[in-house]
Amino acid sequence: MIMVQRCVSAEPWWEIDVPSASEEDKEYRVLLPWPDDGPEDLACECQSFIHRGHCRHQQEAFDACCGWTSESGSEIQTSKQR
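In my numbering, the protein residues as written are 1 to 82.
Hint data in this document are derived by calculation from the structure and do not stem from the laboratory. A hint or two may mislead.
What the hints assert, rightly or not - Pairs of lysine to aspartate or glutamate, EDC-like flavour, derived with a Cα cap of 20 Å:
1. K26 to E15
2. K26 to E45
3. K80 to D63
4. K26 to E60
Bear in mind that the values here come from a model prediction, so they are computed numbers and not experimental data.
Build the full structure now, drawing on both the sequences and the hints.
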């Protein structure tokens, strides 16, 4: 199998779970609408985001998202992309 890259912007939402800093075994789901959006464009289900419109989970999720998935196809990944 050859590893290839595919831009996830064709998908409707990218979900990333970010652990809570204050509650053990709790995670918050962060939704990324497009991989090239900035961290301020992500939506989180935590209370900070609900009340203030921003939270630390947004940046953590943004940093964790590479924006690419692996599948078969014609666009071969470089070692840096892998």
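>> Checking each numbered hint in turn, tell me which of them this model violates, lowest number first.
In response: none
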